[in-house]
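**Q** Residue numbers (our numbering), protein chains in the order written: chain A, 7 to 332; chain B, 6 to 309; chain C, 30 to 447.
Just so you know, the hints here were simulated from the structure itself, not pulled from any lab data.
Since the model is a prediction, treat every value here as computed from it, not as a measurement.
Beta carbons are placed, not taken as given, at the ideal position from N, Cα and C, and that holds for glycine.
Among the clues, some could well be false.
[Claimed, not checked] Per the computed footprint, the stretches of chain B lying under chain C, defined by three or more beta-carbons under 8 Å from a beta-carbon of chain C, are:
id, segment
1, 21–32
2, 58–71
3, 91–101
4, 118–125
5, 144–151
6, 218–232
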Amino acid sequence: MIGVLSYLVFFTTVAAILSIAVLGLNLQWGNTGLFNGGVVASFGAGAYGTLILGGPPQEGQLGGFELFYPLALFGGLLFAGGLAWMVGKLTLRLRHDYLAIATFGVAVAFENVMRNATNVTGGAQGIRGFERPMMETLGSGLTYNLAFLISVLVVLALVYVFLERLTVSPFGRLLRAIREDETAARSLGKAPARIRLLAFVTGSVIIGLAGALYGTFYAFVSPQDVLPILTFQIWAMLIVGGAGNNKGAIAGAFLIWGAWTFSGWALSRFAPIEVQLYTGSIQFVLIGMVIVGMLLWRPQGLFPERLVVSQPGGGTREKTQAEGLT
Amino acid sequence: MIQHLVDGILVGSFLSLGAIGLTMAMHILRFANFSHAELLSIGAYSALVFDKLFESLLPILAEKIGPLSMTGALAISIVLSMAITGLSAVLIDRFIFQRVRQKGEELSMVFASFGMALIIRNVIGLVFGLSAELYSQDIAFAMVVSRDPLLLVKPDQVFVLIAALVLMFILHLVLSRTTFGFSLRAVAENPSLAQVHGVNLKRMIAAVWIIGGGLGAVAGIFYGLSYQITPVMGRDLVLPIFAATIVGGIGSVYGAVLGGFIVGIAANLALVILPSGYSPSVPFLMILAVLLLRPHGLFGEART
Amino acid sequence: MKKTLVFAAAAAGMTALSTGVQAQDCTTKVGAVLPTSVDWGRPIAEVAQFAVDQVNDAGGAAGCSIEMVLRDTQVDPKVGVDAAKALVDLEGIKVLLGAVSSGVSMPILTSVTVPSGVMQMSCCSSSTAFTVLSEEGKTDGLWFRTFATTSVQSAMGAKVAADKGWKSVAILYKNDDWGQDMSRLIAADFAAAGIEVKANVAINDAQPSYRAEVTEALGSQPDALYLALYPTEGKSAVREWISLGGTQNMILANSLKSDEFRDAVGMQYLGNAFGTDTASPRVESADAFKAAYTAKFGSEPNGPGLANSYDATMIALLAMEAAGADASGADIAAAVSKVTDPNGTPVTADTAGFTTAKETLSGGGTVMYQGATGNVRFDANGDVSAPAVVWKFTDAGTDEVEYLSLTEVDAYIASLKK
């Protein structure tokens, strides 16, 4: 049964990495109400930044600085944060759809630049990473994967605790206040644009962290890793899990990623090869229906946002929204 | 250079048609509809079905009109396809967006439209297959307008441009000369106030979807006439159409028209300075430039 | 990427079937991760299954019948890697076929197959990064690919232009790993052959129109057009090119050897279009396979990666046979040289060939596999070289215009390098 264990370790690692990205998006969307349509740009920035800074030198490429791993990781996060800051600065003071469209655009442009800037990113061939950190001590087998999983889980826990504390902190209250009623928040002397920018950049850095871990785990990243479908998958995880709830975000990541891989397994096992050409399309239709269905019948997700103690009144969040609807 | 400019105008004509519907829906319903470009696919594919149907029923309709690759069958199909696409848009709104609107907040609709786009695109792929389809297998040759500088124009493109301009003019008349046009603008400005004054909000929303869907269908068919139709054409067109909307200013029909032409021209001219590999980034660069220089677009007004 | 599948005698295969080789009691699983949900991906998977069926008709490999467990990659690296990991851990495979895209094959190699000691054989991943990785010794000799075409094809493209007397070309290439490599190599080869490259234009996937790109290439008014594209964007770009009055002198990479492309452009415009491809050796039985494939799938084996996929599967199974029962991935990888030995007994690419190979290997001999893509021979980095053909479209399919043996190909490539 070592095989099952080995696979579970692997699956959990990927799901945990995706959970971190979903947590980052939850800070933006769930807590602050910012629609990030370009999750892959932050994710990719983290992965590319880390691999370019930490990877081995390669012929004809600028990268390969072979920096000490934590330093490379930090550089990747900085890259993700910088990109988010630029987009946020330009769009956050405008009405919300500008952010949705601009972030969607930045993701397309990001993939495109990674594909073409061969001198920096390896172009369409992608960029090959370093030897994975600690590989020499741990080998490349199950022990290594187990150790990597534990590190990822630790990071996930840290991000989770950070966000949980943030939610109940005065800053978290402020975020929700801005989400629910911006004018009121402004009248209390708060600067919504700055606060939203801060939340947006922080969320993007967390998504970038997920990307960096992803690139580290595979020791490779290519433009194929940053296609818009990833944005969609991460959004699906958040919507199904429950926007505004960090536990829900993690549960959503495991559920959707589990369903995605399980359906792949089931279709390849039970669908005859003649219909396998269509399974990809069917899978996309199904996931689309799950999303739309979720928004129709349970928009709060499987794990709705909990009431935070400091929030006055006894109503649930849906109620607040119903009242706020014009 | 001049060829790029002319090509850009021609590409711009269907981007404009697509952007008009998007900007109207975004203005009235206040959400970025990521599934709008799928209406172009619905239009293009339903025209394909009707086109084949009419050609087999009445072979005389399969004759090409003048130098165009357009046939009589396709011309009739355009009208039917506009109706079907408009109707689909209304139904999608009734069954999906309206309910999401009631249940959640405006931004939930953005994500719902993401999901709808995925569903529509893949259902089309399942029904019609994944490979590209053509209205006409024949290659329509370009006319040489000038040899130096070299300027080539296809008759189809001229037709598409003129037809698009005529449609836009009709829409302009409707919006500026009829009571319906006034009500529509009133709803866009202030939905609750308009309702107080006796405007039927539901009917206005349906009208917006019908106009948006109808123009989207024409855009999709013209696109298919100029290039080819594929199930993923919506995915390929969504960003340029959004860019056109933002350049023009969300909510402005005239802005959308101008925005479409600007994005089309920019995408073509960009190749003069940028390596062609970077062309998918051009719409985003346009958005960025507008946000830096004129955050609400050319004709948009500040509104949160 | 695509080449005519020219396999050896299917008739012989039928004979082997009717002599009734007994099916084995045990089953060995091999894994395949291929993009079955993509239009050009499914035939690649089908042809792999076809090869497995033929081997089972010959009584299976290494004493057991073979079951191919196929997983879809959706051309998504995450999904592909997860599928590969599941196959290795849960199905216990020792041989993995795939993937198609380099961007999927690479993370599978670095994070699944090499750490687990599983042999990976890709039909179609073209990235030069694999060669670099092998040279650095990081693949542990577990990586192979039957995709030989990039350098051979670019040299052949230059040869066609030189032979036709075309003095200048414009290049349109697909902006992915394969296309970027092709564009670089073909531009160098054209230059070496004394042909001027007037424009080298990238064609991106998923663009609403290729008008601007085509105009760009057209503006340079070249004698000929070189196309390193797939059928989807190829037909769109070429229709645009022809409608704007561009030259009909065209050189096509093997990826455009497709009925879809021919039908969409029209035969009347393809009279002066020459394709290049790698080829199988001149063995008598070659045409018989084409017939067998046509009988099985209802069309000629025209499509990206079909021959490569067939060979990848066959060589992997031959190597399993050579390595014997209960071999590890590394053992099987080491046995690849035994079945692609230039001095070995030639065997054909079919059931009969597999039966012959079994007999030879059990007698301690080595085998030279004459595959659909030629006398496949891997170098130390798992790369292959192959003979080449120049072809033309016909109403029914394609016709061969010229054939160059491996020696001639090597000589021509060497003459360009001078």
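**Q** Which numbered hints does this structure break?
**A** 1, 2, 3 and 4
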